[in-house]
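Chains as they are written, first to last, in the working numbering: chain G, 17 to 319; chain L, 17 to 319.
No lab work stands behind these hints, which were simulated from the structure alone. Even glycine gets a Cβ: it sits at the ideal position worked out from N, Cα and C. Errors might be hidden in some of the hints.
What the hints assert, rightly or not - Chain L residues, not near chain G, derived (Cβ > 10 Å throughout):
(1) 66
(2) 86
(3) 117
(4) 193
(5) 268
(6) 269
(7) 300
Unchecked claim - Derived contacts from chain G toward chain L, CB cut-off under 10 Å, selection only:
(8) 52
(9) 57
(10) 60
(11) 143
(12) 144
(13) 147
(14) 160
(15) 162
(16) 165
(17) 171
(18) 185
(19) 186
2 protein chains.
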Amino acid sequence: MDTRVKLDTLFDLEKWSAERLHRVEQALDIWVGRNAPPTLGEPMRYAVLDGGKRLRPLLVMAASEAVAGNAQAALRAACAAELIHAYSLVHDDMPCMDNDVLRRGKPTVHVRFGEAGALLAGDALQALAFELLTPAEEDIPESMQARLCRLLAHAAGSTGMAGGQAIDLASIGVALDENQLRQMHQLKTGALLQCCVMMGVATGEVGAGVRQTLSDYGAALGLAFQVVDDILDVTADSAVLGKTAGKDAQQGKPTYVSVLGLERSRTYAQELLAQAQLALDESGLKDTNALHALAGMVVGRAY
Amino acid sequence: MDTRVKLDTLFDLEKWSAERLHRVEQALDIWVGRNAPPTLGEPMRYAVLDGGKRLRPLLVMAASEAVAGNAQAALRAACAAELIHAYSLVHDDMPCMDNDVLRRGKPTVHVRFGEAGALLAGDALQALAFELLTPAEEDIPESMQARLCRLLAHAAGSTGMAGGQAIDLASIGVALDENQLRQMHQLKTGALLQCCVMMGVATGEVGAGVRQTLSDYGAALGLAFQVVDDILDVTADSAVLGKTAGKDAQQGKPTYVSVLGLERSRTYAQELLAQAQLALDESGLKDTNALHALAGMVVGRAY
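Could you build the full structure based on these sequences and the hints that come with them?
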């Protein structure tokens with residue numbers, strides 16, 4: 017399979033990302049937890065600020081730029097997606113779920129602030145995501161606000177991320193085949209990543225054909241992300257990963273590596289990358305360098 | 017203080033409510049958890065269906081009818097508000113929060129489905145609330161959808177319900193004065209109840225003056241609800257209440273009864289009822305019988 021590198025050789029992902037992340041970090045710092053009671057605002061800010069690769073915000077902004085979308089809406093959608101991701105990590109790390117003590121190299125939220133603090137902070141972060149998408153006094157059409165909420169709610173809920181987590185929990189010690197594993201991951205991780213692309217698209221005006229190609233890109237990238245995550249869980253160490261490595265295997269969770277083996281998992285990740293790149297080419301959009309580069313980063317990352 | 021009964025003597029709240037609740041229960045049955053993985057859908061449905069007074073849905077629908085609003089939007093907002101309420105109870109009952117085993121006369125969700133199931137079901141119910149508010153193919157203007165999301169997200173999050181719960185948690189064993197207690201309850205319970213009224217209003221078209229009077233009505237009703245809740249916590253028994261009575265006092269939580277005493281709390285509830293009724297009169301709206309009657313029910317209820 018040809019994984020043709022489609023990047024403009026002049027495109028500098030690091031520079032592109034740094035500029036966008038500067039705006040995202042500033043916005044999150046302003047929007048998260050400042051007006052909350054301190055016992056809630058502190059764990060909210062701890063969970064969100066100063067950590068994470070921010071892949072989801074970058075995907076929203078790259079997709080928005082590809083369709084020449086509304087930049088203010090893209091910034092809000094980027095932050096909203098990150099809040100949904102952050103809240104899911106906070107709840108997922110709790111003792112009744114994965115019982116993890118280390119995240120992004122720091123103690124997890126419930127270790128630092130107690131379980132009740134982690135529970136409430138997660139709940140408040142989810143609500144804040146939808147609050148960010150629906151500002152009363154900004155130049156974002158309310159029809160666009162509604163569409164962004166629709167995409168995010170669907171991707172976060174029982175037919176998306178939360179549904180995937182439930183299947184994941186129910187699968188501990190259960191032998192899944194590749195299709196079942198793919199289905200679980202499409203919900204658990206893929207739905208939100210694909211949603212980031214589609215929220216970016218929703219900040220602009222494109223036809224159904226372009227929308228479909230970017231949806232395909234998002235689906236392939238979302239799955240690739242999880243395949244690589246499973247590979248890294250067995251090949252990287254905790255210090256590099258910033259979280260406890262080898263956890264999935266320990267817990268008897270089915271992973272791509274356990275189902276396909278390490279080598280076939282690596283090949284599969286490359287195939288998904290090629291699918292994502294192909295979808296971008298088929299979109300006919302001009303400004304897809306960042307989307308191309310982000311897909312490459314997802315598959316090439318070391319943590 | 018004159019708590020003038022403003023009800024049309026011909027108005028039958030029970031009949032009015034039964035008709036609305038029939039639609040709400042049918043809608044919830046269709047919308048909640050059916051497409052979710054079973055291990056998630058079951059606790060979601062258990063938490064929401066066949067229980068509760070449904071005060072929040074009734075408030076949404078009464079307010080929507082008062083402003084001759086969009087009935088389909090009102091039904092969705094009614095269900096969305098109930099989902100936010102239901103998720104907050106599921107999480108609130110968990111061991112790390114109130115650790116309650118009885119709710120609406122049944123074992124709480126975490127007792128029945130485990131803590132992970134309760135955590136995820138609550139998370140998914142919150143997302144579903146925003147999904148219900150943003151249907152793709154229905155005759156609800158997207159601008160209205162965005163406004164409903166804005167109201168609900170604000171009322172549910174760190175500057176509303178979740179914020180109030182955080183203050184509540186931090187107040188165990190702490191002596192609050194009446195102002196601090198009011199502030200806590202305005203967030204914890206009042207914000208969502210007031211939001212129900214304002215979502216109903218947002219399904220129609222009214223001027224800022226009318227909106228303000230209904231906002232005042234919602235604020236008074238929300239506070240009255242909590243005062244009566246605190247009274248019932250010490251005067252009702254668990255069987256009638258459908259939850260563990262006397263819990264607040266046991267946990268050293270400040271309540272209106274502990275701050276004002278029982279008699280002054282009762283008087284205060286009547287004063288708030290009068291404020292709510294007055295606000296309705298000042299709205300100049302004609303069809304406020306249901307809103308009047310619901311306020312009366314909130315203050316007169318035995319459970």
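Quick one, is the residue 144(G) hint okay against chain L at 10 Å, beta carbons?
-> 5 Å, holds
Please confirm whether residue 268(L) is truly not at the interface, meaning its C-beta sits more than 10 Å away from all C-beta atoms of chain G. Non-interface label stands for residue 268(L): nearest chain G Cβ at 15 Å, farther than 10 Å.
Original post:
Minimum Cβ separation between residue 66(L) and chain G greater than 10 Å?
Top reply: Non-interface label on residue 66(L) holds, nearest chain G Cβ at 19 Å vs cutoff 10 Å.
Quiz item: Is the shortest C-beta separation between residue 57(G) and chain L less than 10 Å?
Solution: 7 Å, holds
Mind checking the CB of residue 171(G) against every CB in chain L and telling me if the closest is under 10 Å?
For residue 171(G), the interface hint holds, since the closest Cβ of chain L sits about 9 Å away, which is under 10 Å.
Exercise for review: Tell me if residue 186(G) is really an interface residue toward chain L, meaning its C-beta lies closer than 10 Å to one of theirs.
Suggested key: 5 Å, holds
Checklist line | Assertion that residue 269(L) lies outside the chain G interface [Cβ separation over 10 Å] | finding: 14 Å, holds
Check: Taking the closest Cβ pair, is residue 52(G) under 10 Å from chain L?
Finding: At 3 Å from the nearest chain L Cβ, residue 52(G) passes the 10 Å test, so the hint holds.
Checklist entry - Once the shortest beta carbon distance from residue 162(G) to chain L is found, is it less than 10 Å? => result 4 Å, holds
The hint names residue 185(G) as touching chain L; please verify it with the least Cβ-Cβ distance against 10 Å.
6 Å, holds
Say whether it holds or is violated: residue 193(L) keeps its Cβ farther than 10 Å from all Cβ of chain G. 16 Å, holds
Practice item. Report holds or violated for the interface hint on residue 60(G), using the least CB-CB distance to chain L and a cut-off of 10 Å. Key: 7 Å, holds
Of the numbered hints listed earlier, not one is contradicted by the structure.
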